[in-house]
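Trainee: Sequence:
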Amino acid sequence: MHDVIGNDHVEPADFRAAARTQISFYNVTTFVDQKVTYLQPMNNGFSATVENGTTYTARKVILASGLKDDLPNVPGLGDAFGKGIFWCPWCDGFEHRDQPIGVLGNLSDAYDSVKELHPTLNQDIRVYSNGTNNTFQLERITGKDKNWNAVFQAYNVTIIDKPIQNITRVQDGSVIQDQGSRAEFDKFQVYFTDGTFEERGAFITNYATSQASDLPSQLGVGFLGSKINTTAGGLRTTVKGVWGIGDANSDNSTNVPHAMSSGKTAAVYCHVELAAEELARISGNSAKRDLINDRLAHEHVEQQMGNEIEDIYNRLRRR
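Heads up: the sequence shown is residues 660 to 978, going by my numbering.
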(Lines of atoms letter the chains of each structure in order from A and count residues from 1; the text may use other names and numbers.)
(Lines give C-alpha, C1' and ligand atoms only; values in the text may rest on other atoms or scores of the structure.)
Protein backbone atom coordinates (compact mmCIF):
# COMPACT_ATOMS: atom_id res chain seq x y z
CA MET A 1 0.00 0.00 0.00
CA HIS A 2 1.00 3.60 -0.63
CA ASP A 3 -0.54 7.03 0.01
CA VAL A 4 -2.03 5.94 3.36
CA ILE A 5 -0.02 7.74 6.01
CA GLY A 6 1.36 5.38 8.65
CA ASN A 7 0.74 2.36 6.42
CA ASP A 8 3.28 2.72 3.64
CA HIS A 9 4.23 -0.68 2.18
CA VAL A 10 1.69 -2.48 4.38
CA GLU A 11 0.06 -5.41 2.58
CA PRO A 12 -3.55 -4.54 1.66
CA ALA A 13 -4.81 -7.81 3.17
CA ASP A 14 -3.12 -6.96 6.49
CA PHE A 15 -4.59 -3.45 6.39
CA ARG A 16 -8.10 -4.82 5.83
CA ALA A 17 -7.68 -7.47 8.53
CA ALA A 18 -6.59 -4.85 11.08
CA ALA A 19 -9.53 -2.64 10.10
CA ARG A 20 -12.00 -5.49 10.57
CA THR A 21 -10.51 -6.36 13.95
CA GLN A 22 -10.79 -2.77 15.14
CA ILE A 23 -14.31 -2.30 13.78
CA SER A 24 -15.42 -5.55 15.43
CA PHE A 25 -14.72 -4.00 18.83
CA TYR A 26 -17.87 -1.93 18.37
CA ASN A 27 -20.63 -4.46 18.91
CA VAL A 28 -23.08 -2.60 16.67
CA THR A 29 -21.40 -4.05 13.56
CA THR A 30 -21.85 -7.39 11.83
CA PHE A 31 -19.75 -8.71 8.96
CA VAL A 32 -21.46 -10.92 6.38
CA ASP A 33 -18.88 -12.51 4.08
CA GLN A 34 -21.29 -13.13 1.23
CA LYS A 35 -21.68 -11.49 -2.17
CA VAL A 36 -24.87 -9.45 -2.54
CA THR A 37 -26.62 -10.68 -5.68
CA TYR A 38 -29.91 -8.78 -5.46
CA LEU A 39 -30.58 -5.33 -3.99
CA GLN A 40 -33.95 -3.61 -4.31
CA PRO A 41 -35.95 -0.80 -2.67
CA MET A 42 -38.91 -1.86 -0.57
CA ASN A 43 -41.38 -0.06 1.68
CA ASN A 44 -39.37 2.40 3.82
CA GLY A 45 -36.13 0.57 3.16
CA PHE A 46 -34.24 -1.97 1.11
CA SER A 47 -33.80 -5.73 0.79
CA ALA A 48 -30.50 -7.41 0.01
CA THR A 49 -30.18 -11.06 -0.97
CA VAL A 50 -26.76 -12.71 -0.73
CA GLU A 51 -25.39 -15.65 -2.69
CA ASN A 52 -26.45 -18.29 -0.14
CA GLY A 53 -30.06 -17.13 -0.47
CA THR A 54 -30.34 -15.22 2.80
CA THR A 55 -32.21 -11.91 2.59
CA TYR A 56 -31.47 -8.93 4.81
CA THR A 57 -33.41 -5.70 5.19
CA ALA A 58 -32.05 -2.21 5.81
CA ARG A 59 -33.32 1.32 6.17
CA LYS A 60 -30.33 2.80 4.33
CA VAL A 61 -27.69 1.60 1.88
CA ILE A 62 -24.12 2.82 1.38
CA LEU A 63 -22.69 1.55 -1.90
CA ALA A 64 -18.95 0.85 -1.80
CA SER A 65 -19.04 -1.42 -4.83
CA GLY A 66 -15.97 -0.04 -6.61
CA LEU A 67 -14.73 0.21 -10.18
CA LYS A 68 -12.96 -2.28 -12.42
CA ASP A 69 -10.33 -1.61 -15.06
CA ASP A 70 -11.49 -2.56 -18.55
CA LEU A 71 -8.27 -4.19 -19.71
CA PRO A 72 -7.91 -5.28 -23.33
CA ASN A 73 -7.65 -8.97 -24.11
CA VAL A 74 -3.86 -9.11 -24.12
CA PRO A 75 -2.48 -12.36 -22.63
CA GLY A 76 -0.40 -11.66 -19.52
CA LEU A 77 -1.73 -8.15 -18.94
CA GLY A 78 -4.41 -9.07 -16.43
CA ASP A 79 -2.16 -11.55 -14.60
CA ALA A 80 0.49 -8.89 -13.98
CA PHE A 81 -1.85 -5.98 -13.31
CA GLY A 82 -0.80 -4.48 -9.99
CA LYS A 83 2.50 -6.37 -10.16
CA GLY A 84 4.74 -4.08 -12.15
CA ILE A 85 1.85 -3.05 -14.41
CA PHE A 86 -0.05 -0.24 -12.75
CA TRP A 87 -2.14 2.77 -13.64
CA CYS A 88 -1.17 5.39 -11.04
CA PRO A 89 2.34 6.90 -11.06
CA TRP A 90 1.77 8.47 -7.63
CA CYS A 91 0.86 5.14 -6.04
CA ASP A 92 3.47 2.86 -7.62
CA GLY A 93 5.84 4.98 -9.67
CA PHE A 94 8.49 5.55 -7.00
CA GLU A 95 9.36 1.85 -6.76
CA HIS A 96 10.05 1.75 -10.51
CA ARG A 97 11.79 5.10 -10.85
CA ASP A 98 14.71 5.47 -13.27
CA GLN A 99 13.75 2.25 -15.03
CA PRO A 100 12.74 1.71 -18.66
CA ILE A 101 8.96 2.06 -18.61
CA GLY A 102 6.20 1.41 -21.11
CA VAL A 103 2.93 3.30 -21.39
CA LEU A 104 -0.03 1.19 -22.51
CA GLY A 105 -3.16 2.68 -24.06
CA ASN A 106 -4.43 4.95 -26.78
CA LEU A 107 -2.00 7.63 -27.93
CA SER A 108 -4.10 10.55 -26.67
CA ASP A 109 -4.45 9.02 -23.20
CA ALA A 110 -0.81 7.97 -23.04
CA TYR A 111 0.22 11.59 -23.50
CA ASP A 112 -1.04 12.44 -20.01
CA SER A 113 1.01 9.62 -18.47
CA VAL A 114 4.14 10.75 -20.29
CA LYS A 115 3.81 14.22 -18.76
CA GLU A 116 3.34 12.69 -15.30
CA LEU A 117 6.34 10.37 -15.59
CA HIS A 118 8.99 12.60 -17.17
CA PRO A 119 11.41 13.70 -15.81
CA THR A 120 10.79 13.10 -12.10
CA LEU A 121 10.31 9.32 -12.35
CA ASN A 122 11.34 7.97 -15.73
CA GLN A 123 13.24 9.23 -18.76
CA ASP A 124 13.29 6.02 -20.83
CA ILE A 125 9.65 5.98 -21.96
CA ARG A 126 8.04 4.04 -24.80
CA VAL A 127 4.34 4.27 -25.70
CA TYR A 128 2.70 1.02 -26.81
CA SER A 129 -0.56 2.00 -28.49
CA ASN A 130 -1.33 -1.53 -29.73
CA GLY A 131 -2.45 -0.64 -33.24
CA THR A 132 -4.95 2.01 -32.15
CA ASN A 133 -3.34 5.06 -33.78
CA ASN A 134 -5.82 6.59 -36.20
CA THR A 135 -7.12 9.98 -37.32
CA PHE A 136 -9.38 10.29 -34.28
CA GLN A 137 -6.50 9.68 -31.85
CA LEU A 138 -4.27 12.18 -33.64
CA GLU A 139 -7.03 14.80 -33.57
CA ARG A 140 -7.69 14.11 -29.90
CA ILE A 141 -4.06 14.40 -28.80
CA THR A 142 -3.65 17.54 -30.91
CA GLY A 143 -6.70 18.96 -29.17
CA LYS A 144 -4.95 18.43 -25.85
CA ASP A 145 -1.69 19.98 -27.01
CA LYS A 146 -0.91 20.98 -30.57
CA ASN A 147 2.80 20.68 -29.70
CA TRP A 148 2.52 17.12 -28.39
CA ASN A 149 4.95 15.76 -30.96
CA ALA A 150 7.58 18.30 -29.93
CA VAL A 151 7.06 17.25 -26.30
CA PHE A 152 7.59 13.60 -27.21
CA GLN A 153 10.74 14.48 -29.13
CA ALA A 154 12.10 16.60 -26.28
CA TYR A 155 11.41 13.77 -23.83
CA ASN A 156 12.85 11.20 -26.28
CA VAL A 157 9.58 9.22 -26.18
CA THR A 158 9.18 6.47 -28.77
CA ILE A 159 5.74 5.42 -30.06
CA ILE A 160 5.25 1.77 -31.03
CA ASP A 161 1.88 1.11 -32.65
CA LYS A 162 2.43 -2.54 -33.54
CA PRO A 163 -0.33 -4.91 -32.31
CA ILE A 164 0.66 -6.63 -29.05
CA GLN A 165 0.50 -10.42 -28.95
CA ASN A 166 1.26 -10.88 -25.24
CA ILE A 167 3.10 -9.43 -22.27
CA THR A 168 5.24 -11.80 -20.21
CA ARG A 169 6.58 -11.03 -16.76
CA VAL A 170 10.01 -12.64 -16.63
CA GLN A 171 11.20 -11.17 -13.31
CA ASP A 172 9.21 -10.62 -10.10
CA GLY A 173 9.86 -7.24 -8.49
CA SER A 174 8.41 -8.39 -5.18
CA VAL A 175 11.37 -10.80 -4.97
CA ILE A 176 14.09 -8.91 -6.84
CA GLN A 177 14.26 -5.58 -5.05
CA ASP A 178 16.41 -3.20 -3.03
CA GLN A 179 14.95 -2.76 0.45
CA GLY A 180 17.19 0.21 1.17
CA SER A 181 15.94 2.30 -1.75
CA ARG A 182 12.56 0.53 -1.96
CA ALA A 183 13.19 -0.11 -5.64
CA GLU A 184 11.42 -3.07 -7.24
CA PHE A 185 12.94 -4.67 -10.32
CA ASP A 186 10.24 -6.28 -12.39
CA LYS A 187 11.08 -7.22 -15.95
CA PHE A 188 8.66 -7.71 -18.82
CA GLN A 189 8.89 -8.82 -22.40
CA VAL A 190 6.23 -7.38 -24.70
CA TYR A 191 5.77 -9.51 -27.82
CA PHE A 192 4.26 -8.20 -31.04
CA THR A 193 2.34 -10.02 -33.75
CA ASP A 194 5.28 -9.58 -36.14
CA GLY A 195 7.43 -11.84 -33.93
CA THR A 196 9.59 -9.11 -32.37
CA PHE A 197 9.70 -8.18 -28.68
CA GLU A 198 11.02 -5.49 -26.35
CA GLU A 199 11.85 -5.40 -22.65
CA ARG A 200 10.55 -2.96 -20.05
CA GLY A 201 10.90 -2.71 -16.29
CA ALA A 202 7.29 -1.64 -15.68
CA PHE A 203 4.15 -0.36 -17.40
CA ILE A 204 1.63 2.41 -16.80
CA THR A 205 -1.85 1.70 -18.19
CA ASN A 206 -4.43 4.07 -19.65
CA TYR A 207 -7.69 2.18 -19.98
CA ALA A 208 -11.32 2.95 -19.25
CA THR A 209 -13.07 1.86 -16.06
CA SER A 210 -16.60 0.70 -15.34
CA GLN A 211 -18.71 -0.21 -12.32
CA ALA A 212 -17.47 -3.41 -10.69
CA SER A 213 -20.99 -4.38 -9.63
CA ASP A 214 -24.49 -4.12 -11.06
CA LEU A 215 -25.95 -3.30 -7.63
CA PRO A 216 -26.08 0.47 -8.32
CA SER A 217 -28.05 -0.23 -11.50
CA GLN A 218 -30.35 -2.61 -9.64
CA LEU A 219 -31.22 0.25 -7.27
CA GLY A 220 -31.75 2.61 -10.19
CA VAL A 221 -29.25 5.27 -9.10
CA GLY A 222 -28.25 7.95 -11.59
CA PHE A 223 -24.83 8.03 -13.21
CA LEU A 224 -22.44 10.71 -14.42
CA GLY A 225 -20.63 8.92 -17.19
CA SER A 226 -19.64 5.60 -15.63
CA LYS A 227 -19.68 6.93 -12.05
CA ILE A 228 -22.51 6.97 -9.48
CA ASN A 229 -23.97 10.48 -9.34
CA THR A 230 -23.31 11.76 -5.80
CA THR A 231 -23.66 15.49 -6.44
CA ALA A 232 -26.78 15.80 -4.28
CA GLY A 233 -24.68 16.58 -1.17
CA GLY A 234 -23.30 14.34 1.54
CA LEU A 235 -22.47 11.78 -1.17
CA ARG A 236 -26.15 10.96 -1.57
CA THR A 237 -27.19 9.30 -4.82
CA THR A 238 -30.31 10.11 -6.82
CA VAL A 239 -32.18 7.39 -4.88
CA LYS A 240 -33.37 8.44 -1.43
CA GLY A 241 -31.61 6.58 1.35
CA VAL A 242 -28.66 5.48 -0.80
CA TRP A 243 -25.11 6.85 -0.70
CA GLY A 244 -22.17 6.15 -3.01
CA ILE A 245 -18.57 6.10 -1.76
CA GLY A 246 -15.08 5.24 -2.96
CA ASP A 247 -13.99 5.27 -6.58
CA ALA A 248 -17.45 4.16 -7.78
CA ASN A 249 -18.87 7.62 -7.12
CA SER A 250 -18.56 10.84 -9.11
CA ASP A 251 -15.91 12.43 -6.87
CA ASN A 252 -13.40 11.34 -9.54
CA SER A 253 -10.82 10.30 -6.99
CA THR A 254 -9.49 6.76 -6.86
CA ASN A 255 -7.27 6.28 -3.83
CA VAL A 256 -7.60 4.72 -0.39
CA PRO A 257 -7.58 7.99 1.63
CA HIS A 258 -10.45 9.26 -0.53
CA ALA A 259 -12.34 6.01 -0.07
CA MET A 260 -11.96 6.22 3.72
CA SER A 261 -12.92 9.90 3.79
CA SER A 262 -15.99 9.36 1.63
CA GLY A 263 -17.01 6.43 3.81
CA LYS A 264 -16.79 8.62 6.90
CA THR A 265 -18.78 11.40 5.22
CA ALA A 266 -21.56 9.09 4.07
CA ALA A 267 -21.72 7.36 7.46
CA VAL A 268 -22.21 10.67 9.27
CA TYR A 269 -24.96 11.85 6.92
CA CYS A 270 -26.60 8.43 7.09
CA HIS A 271 -26.54 8.49 10.88
CA VAL A 272 -28.03 11.99 10.98
CA GLU A 273 -30.91 10.86 8.75
CA LEU A 274 -31.54 7.77 10.86
CA ALA A 275 -31.51 9.86 14.03
CA ALA A 276 -33.90 12.40 12.49
CA GLU A 277 -36.28 9.64 11.45
CA GLU A 278 -36.16 8.12 14.93
CA LEU A 279 -36.82 11.50 16.51
CA ALA A 280 -39.72 12.07 14.13
CA ARG A 281 -41.18 8.69 15.07
CA ILE A 282 -41.07 9.52 18.76
CA SER A 283 -42.11 13.19 18.55
CA GLY A 284 -44.66 12.89 15.79
CA ASN A 285 -42.89 15.53 13.66
CA SER A 286 -41.98 14.77 10.07
CA ALA A 287 -38.46 13.54 9.42
CA LYS A 288 -38.23 16.02 6.55
CA ARG A 289 -38.83 18.91 8.94
CA ASP A 290 -36.16 17.63 11.32
CA LEU A 291 -33.67 17.30 8.46
CA ILE A 292 -34.40 20.88 7.42
CA ASN A 293 -33.80 22.07 10.99
CA ASP A 294 -30.57 20.05 11.11
CA ARG A 295 -29.41 21.64 7.86
CA LEU A 296 -30.22 25.11 9.17
CA ALA A 297 -28.20 24.36 12.30
CA HIS A 298 -25.20 23.33 10.19
CA GLU A 299 -25.53 26.51 8.12
CA HIS A 300 -25.65 28.59 11.30
CA VAL A 301 -22.45 27.00 12.60
CA GLU A 302 -20.71 27.55 9.26
CA GLN A 303 -21.85 31.18 9.27
CA GLN A 304 -20.54 31.68 12.80
CA MET A 305 -17.19 30.18 11.80
CA GLY A 306 -17.03 32.55 8.87
CA ASN A 307 -17.85 35.55 11.05
CA GLU A 308 -15.12 34.61 13.53
CA ILE A 309 -12.53 34.34 10.76
CA GLU A 310 -13.60 37.71 9.39
CA ASP A 311 -13.34 39.28 12.87
CA ILE A 312 -9.80 37.90 13.29
CA TYR A 313 -8.82 39.22 9.85
CA ASN A 314 -10.16 42.69 10.67
CA ARG A 315 -8.29 42.79 13.98
CA LEU A 316 -5.02 41.77 12.31
CA ARG A 317 -5.52 44.32 9.55
CA ARG A 318 -5.85 47.15 12.10
CA ARG A 319 -2.50 46.34 13.72
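These aren't lab readings, by the way, just hints derived from the structure by calculation. Backbone N, C-alpha and C define an ideal beta-carbon position, used for all residues, glycine too. A few of these clues could be false.
What follows is a set of in silico ranges between Cβ atoms, one per label pair, in the way DEER data are often shown [to be verified]:
{"hint": "1", "residue 1": "Leu933", "residue 2": "Phe684", "range": "31 to 39 angstroms"}
{"hint": "2", "residue 1": "Lys899", "residue 2": "Asp738", "range": "15 to 23 angstroms"}
{"hint": "3", "residue 1": "Pro916", "residue 2": "Asn702", "range": "36 to 44 angstroms"}
{"hint": "4", "residue 1": "Gly712", "residue 2": "Glu798", "range": "51 to 59 angstroms"}
{"hint": "5", "residue 1": "Ser876", "residue 2": "Pro916", "range": "52 to 60 angstroms"}
Trainee: State for each hint whether it applies.
Mentor: Comparing the hints with the structure gives:
1. Leu933 - Phe684: 31 to 39 angstroms: violated, 21 angstroms
2. Lys899 - Asp738: 15 to 23 angstroms: violated, 42 angstroms
3. Pro916 - Asn702: 36 to 44 angstroms: holds, 37 angstroms
4. Gly712 - Glu798: 51 to 59 angstroms: The hint (51 to 59 angstroms, Cβ to Cβ) holds, given that Gly712 and Glu798 are roughly 52 angstroms apart.
5. Ser876 - Pro916: 52 to 60 angstroms: violated, 27 angstroms
Of the numbered hints stated above, those contradicted by the structure are hints 1, 2, 5, listed in ascending order.
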